[in-house]
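Chemist: For the protein sequence lines, the chains are A and B, in the order given. So in my numbering, spot 227 of the first sequence is number 801, and the numbers just go up one at a time. So in my numbering, spot 236 of the second sequence is number 239, and the numbers just go up one at a time.
Just so you know, these hints were derived from the structure itself, not from any lab. Some clues are possibly wrong.
[To be verified] For lysine-lysine, the following PhoX-like pairs were computed, each having C-alpha atoms within a straight-line distance of at most 25 Å:
1) Lys233(B) to Lys392(B)
2) Lys896(A) to Lys768(A)
3) Lys125(B) to Lys896(A)
4) Lys905(A) to Lys55(B)
5) Lys905(A) to Lys125(B)
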Amino acid sequence: MDLPTFWFCVIALLWLGYLFLEGFDFGVGMLLPFLGREEAERRVMINTIGPVWDGNEVWLIVAAGATFAAFPGWYASLLSTAYLPFLVLLLALIGRGVAFEYRGKVDSDRWRRGWDTVIVLASWISPLVVGLVLSANVFGLPLDANGDRVGSLLGIFSLPSVVGALAVCGFALVHGAFFVTLKTEGELRVRARKFALRLGVPLLLPVTALVLIAQFTQGTAWTWVPLVLAVLAAVAGFLRLRGWRDGQAFALQGVALAAVVVGLFGTLWPNVLPSNLDPAWSLSVAGTASSPYTLTVITWVAAFGTPAVLVYQGWTYWVFRKRIGTKHIPKVHAPS
Amino acid sequence: MDLLDIARWQFGITTVYHFLMVPLTIGLSILVAGMQTAWYRTGDRRYLKMTKFWGKLMLINFAMGVVTGIVQEFQFGMSWSAYSRFVGDVFGAPLAMEGIVAFFVESTFLGLWIFGWDRLSKGVHLACAWAFSLATVASAYFILAANSWMQHPVGIVFTDGRPRLDSIWAVLGNNTVLAAFPHTVFGCFAVAGAFLVGISAWQIWKHHRDTVGKNPDLAGRTDEQNEDRKVWHGSLRLGAWVGVIAFAGLAISGDLQAKLMFEQQPMKMASAEALCHTEQPAGFSIFAVGDVGRSNCEDVKSLTVPYLLSYLANGDIHSEVKGVQQLIGEYQAAYGSHYPDDPRLGPYAGKPIDYVPNLPVTYWGFRFMIGFGAVAAAGAVVVLWLTRKGRYPKWRWWTPLAVLSIATPYLGNSFGWIFTEMGRQPFVVAPNPNPSGVDGVFMYTATAVSSGVTPGEMLTSLIGLTSIYGVLAVIEVFLIVRYVRGGIAGVLPPEPPEGKKESDEALSFAY
Numbered sequence: 575m576d577l578p579t580f581w582f583c584v585i586a587l588l589w590l591g592y593l594f595l596e597g598f599d600f601g602v603g604m605l606l607p608f609l610g611r612e613e614a615e616r617r618v619m620i621n622t623i624g625p626v627w628d629g630n631e632v633w634l635i636v637a638a639g640a641t642f643a644a645f646p647g648w649y650a651s652l653l654s655t656a657y658l659p660f661l662v663l664l665l666a667l668i669g670r671g672v673a674f675e676y677r678g679k680v681d682s683d684r685w686r687r688g689w690d691t692v693i694v695l696a697s698w699i700s701p702l703v704v705g706l707v708l709s710a711n712v713f714g715l716p717l718d719a720n721g722d723r724v725g726s727l728l729g730i731f732s733l734p735s736v737v738g739a740l741a742v743c744g745f746a747l748v749h750g751a752f753f754v755t756l757k758t759e760g761e762l763r764v765r766a767r768k769f770a771l772r773l774g775v776p777l778l779l780p781v782t783a784l785v786l787i788a789q790f791t792q793g794t795a796w797t798w799v800p801l802v803l804a805v806l807a808a809v810a811g812f813l814r815l816r817g818w819r820d821g822q823a824f825a826l827q828g829v830a831l832a833a834v835v836v837g838l839f840g841t842l843w844p845n846v847l848p849s850n851l852d853p854a855w856s857l858s859v860a861g862t863a864s865s866p867y868t869l870t871v872i873t874w875v876a877a878f879g880t881p882a883v884l885v886y887q888g889w890t891y892w893v894f895r896k897r898i899g900t901k902h903i904p905k906v907h908a909p910s
Numbered sequence: 004m005d006l007l008d009i010a011r012w013q014f015g016i017t018t019v020y021h022f023l024m025v026p027l028t029i030g031l032s033i034l035v036a037g038m039q040t041a042w043y044r045t046g047d048r049r050y051l052k053m054t055k056f057w058g059k060l061m062l063i064n065f066a067m068g069v070v071t072g073i074v075q076e077f078q079f080g081m082s083w084s085a086y087s088r089f090v091g092d093v094f095g096a097p098l099a100m101e102g103i104v105a106f107f108v109e110s111t112f113l114g115l116w117i118f119g120w121d122r123l124s125k126g127v128h129l130a131c132a133w134a135f136s137l138a139t140v141a142s143a144y145f146i147l148a149a150n151s152w153m154q155h156p157v158g159i160v161f162t163d164g165r166p167r168l169d170s171i172w173a174v175l176g177n178n179t180v181l182a183a184f185p186h187t188v189f190g191c192f193a194v195a196g197a198f199l200v201g202i203s204a205w206q207i208w209k210h211h212r213d214t215v216g217k218n219p220d221l222a223g224r225t226d227e228q229n230e231d232r233k234v235w236h237g238s239l240r241l242g243a244w245v246g247v248i249a250f251a252g253l254a255i256s257g258d259l260q261a262k263l264m265f266e267q268q269p270m271k272m273a274s275a276e277a278l279c280h281t282e283q284p285a286g287f288s289i290f291a292v293g294d295v296g297r298s299n300c301e302d303v304k305s306l307t308v309p310y311l312l313s314y315l316a317n318g319d320i321h322s323e324v325k326g327v328q329q330l331i332g333e334y335q336a337a338y339g340s341h342y343p344d345d346p347r348l349g350p351y352a353g354k355p356i357d358y359v360p361n362l363p364v365t366y367w368g369f370r371f372m373i374g375f376g377a378v379a380a381a382g383a384v385v386v387l388w389l390t391r392k393g394r395y396p397k398w399r400w401w402t403p404l405a406v407l408s409i410a411t412p413y414l415g416n417s418f419g420w421i422f423t424e425m426g427r428q429p430f431v432v433a434p435n436p437n438p439s440g441v442d443g444v445f446m447y448t449a450t451a452v453s454s455g456v457t458p459g460e461m462l463t464s465l466i467g468l469t470s471i472y473g474v475l476a477v478i479e480v481f482l483i484v485r486y487v488r489g490g491i492a493g494v495l496p497p498e499p500p501e502g503k504k505e506s507d508e509a510l511s512f513a514y
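Isolated chain B (complex conformation):
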């Protein structure tokens, strides 16, 4: 592997890993803020239990999201210094905004929330929950604006071979980010929803099986037990509703995003479909057999739904959709057929440019993204039906299935990112062949990598980061499992007897 390959693997691994934490953090912190609001408004202890339990899991996950996020920010300068120099004028601005506007709020108010349970008034404490959870959403917006600029460069003038920021509003209001942001946030809620469903299902099975299919208010059980049963049932239903709504949002925003992508990065979408030749009308491929091999779309035989791709691309079932072969010609004509003969490009200097992204990755990445999303949504609908009016299914296989389903939106998210980032190759900043953005601004991934770094250093960091990420994954899962098993009793100490509370307690919830 050369420097570029190592740097790309590192970026891919660290990004996908970071994005295992982020969606749960975003989705769950909003839901927890909502639960706390319900507690604040009704004073019902059930909501306090929900807030404490899900809040604790959110915190375990939050820590990992924060520490892996620092790697993301430093990586641009460390591994992709040529990229950072080229785009800094534009790309740095949303990143700096993310820091000043979002990260400070997130970390400060999270600290206040964790330690402030008894030190702050209930209202102020609740406001802290909303402050940090909304800041996570704001932070997603800024980083997606930066990413969307790489997919669709706007708001710039091109002078002296470099893009110069011309309008920050164009960058923040890029139609690509306006579609990507809701899509990503709904993806976060899909994760949080499935998390609530899977864990609540396990809790009910473990502790409240005897109430299955019956009115939860059973004689012979303590009030506490009955209340807990309602907490889990409520969380389960909440998770399922969130999952269903998230999927609806994902479908709408995804369709919007796909239409933009057909216009902005036709090669990515042609590859996602393994559409070899231009077709009119074009069918949507459901499943492909044969060789979806690198750069060779000719051997693909796929099962298609006629007219659907034309409709998805242009909203018109008879429209033309360009295929990979024709697009190769167009890209070569517009952006050249060979890399510049510059020694800093290493093995890529003077070599022909392959404009087709890795076909199996883009083709299957796209399908798995949609497929896992759809499975998660179908699961959520089934859960809503089966748990209506306090009911709960009795089947043996039901609980393991519910727990397993937590993975589906995670997989959907990961495949979505792999698809959208790999589908942009060989560009790191993709050009706009149908100039709705600024034409002619692009950067090849091969020219973006740091030229002063040795492959040995890069490999060291790849191994170092991957190993520590592996260890931390084990620890995080261990902790989450432990807290899930501990249930509500594990996060909420029993109420102290009246009047015994120490008045000069400086911290209520210490490390």
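Here chain A stands alone, though its shape is the one from the complex:
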């Protein structure tokens, strides 16, 4: 494998890490008003992701940074073409991050309700936008020869990109419900499991639609493999959840996601960002890659950095591995 293709895979992997990790913390935020019936339960839900959501978000920052370094043309075209969607994503992530951090800083119901609203809204908006731009990226954008957008912003909205937005949203909901089942105890856990088992299949329909569109429009023979694998893993996940094996269920859900991401990026290759005006204007892996020296440099950094990241992030999850319930949450302590 040459270096540009290797970095294409690395970026797919970073997106996978991002969708897997922030997928469940988006889901927790989205489910907050549905599963968390009282304040104590909402605090339990937020605290299941409390120590880790910030680290999860860095996967997005690194995905963008790595794209900038490895494929500057891809980074420039995607972010400028989807300017307003990215703005909305930024505003949502700003609100979300601040809300988690500030929610418990004042002991007042009004204050907490206000920030809960921000968390819920931002947790719904972010996966919608991520799904929209990622699938628009896979299916192509109206780019001219220079990689700039032709026409208005509406060019980003197409059937596949809207399905993609719903797909990431649906996935985050299911993934979040699996995660809450895995991380909590008592009534909250029962409720989250019931939610996943009842609504899981319909919520994953957009994901199925998305991969099928990708397969039939730009798939190749081998991309059938991850597609089938994704379905099998998802089904197995639900079965394990039914048997109260939440850990395995959550892991299988991750396998399904990995297969979907591999499949989608697989149908994208050898492009990084297709132009749907003229195939000759599509940005390709080879055409937008940085020089071999730059790629070598960041390969070394990634070779040493990534294992370390996996180890200490994994360790964080280990440190906070205990299920939490309402009785574990300490009293609010804030200046009055």
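Given the coordinates of chain A, assemble chain B onto it according to the supplied hints.
Modeler: Same frame as chain A, but now just chain B:
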């Protein structure tokens, strides 16, 4: 306003705003790690109180630094896509390194620190504090290496009209970043120092006035009160020492940086001095009257210290310093007098290039940077003198003044960034007229902006970001004020009676 103006305002606003959070985060997280180390080594409860109190303020601020940082990274691609395409081969590498090496460490270990008070052993928990605070410093290094490359492009070969990275070590070891990094980090400590001084002074005034000028161990006060008084007095002295040392570092690194700038970007320094014509020897301008107006340096009458500018520029009081007028000619000869006639340049296509950066901004930006820095340092020295041996001044105006002084290093930092970024205009990647870097690699700001974005979209984001930043500023200040007023009791719950602690507590410090 056209697209370029909006994009520049947006970059300026988001950057200055981001850099209100970053210095306090960097400076304070190192100091908090130091306080926690002191607690770890001595077991003295005073240090625990310090760690908890200043740590809480650090966290309130940290959140804002993180979320505004994401905007910075995405903005390059969103608003400056032509720039990103041009420099991606070089500029992206330190940015990716910042993510992999610094951001992951910062965010992961910060989470461990916040939630790990009882779950981790004391030593491991302390190590987490050092991990995230040192990672903030590492992150500053990578981003400054990227910025320094824009000021002084090195480590590249120029092929097919694009810079290609040739040596990452040259980029990371750029003499510009070697000067800018200590300068910036000392600036961060100046902010943290003033923050400690101002807030501690207020606390002493509010809660411990009766101990002013006396031995803090007073009869008739609880041990807790006496201990708190020592916490504030200790924090105050620590802040003042940090402020003094930071200023010394700022002066030395700033002088180094200025000498490099005279060599690498002579126009920036000539504008900073409003030095119209080449002089030998040249004097340093203290204050200017008359019109420091755009592109017209002729009417400036300034009060100067003879020989000083020559010394600052070259370390030699008799040396020549080039003036704006002569440099315009040199820049035109080297880089052309008109923008290319390319429709993608919009209103700038084919127009003459103005090589003189905005004079009032560069001239006063430079002076305010130094001036506010000096005021902060003088304040720190006065504080050290007045609070020696447990003393504390009794004057009424003392506390408000100490609180106000928190603003001085912030202002110094902001003016410093405005000066260094605006002084580089009209370039976004500045060329090296005295080639110590790679000659001929440069990019005009007018050619860097995204060409596929409409002014309407750009304006939407300018308004959106500025409004949310405004709201968040109010909230952050509200929270900081609240926690400052709450003092130690607001961050450290009273000790539970022996043995009553729940053993299966999963979280000690939850959201």
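Chemist: None of the hints should be skipped; say for each whether it holds.
Modeler: For each hint, the structure was consulted:
1. Between the alpha carbons of Lys233(B) and Lys392(B) the distance comes to roughly 12 Å, so the proposed pair stays at or under 25 Å and holds.
2. Restraint check for Lys896(A) and Lys768(A): the C-alpha separation of about 21 Å stays at or below 25 Å, so the hint holds.
3. The straight-line distance between the Cα atoms of Lys125(B) and Lys896(A) is roughly 20 Å, inside the 25 Å bound, and the hint therefore holds.
4. With a CA separation close to 17 Å, the supplied pair Lys905(A) and Lys55(B) stays within the 25 Å bound.
5. This hinted pair checks out: Lys905(A) and Lys125(B) have alpha carbons roughly 23 Å apart, not beyond 25 Å.
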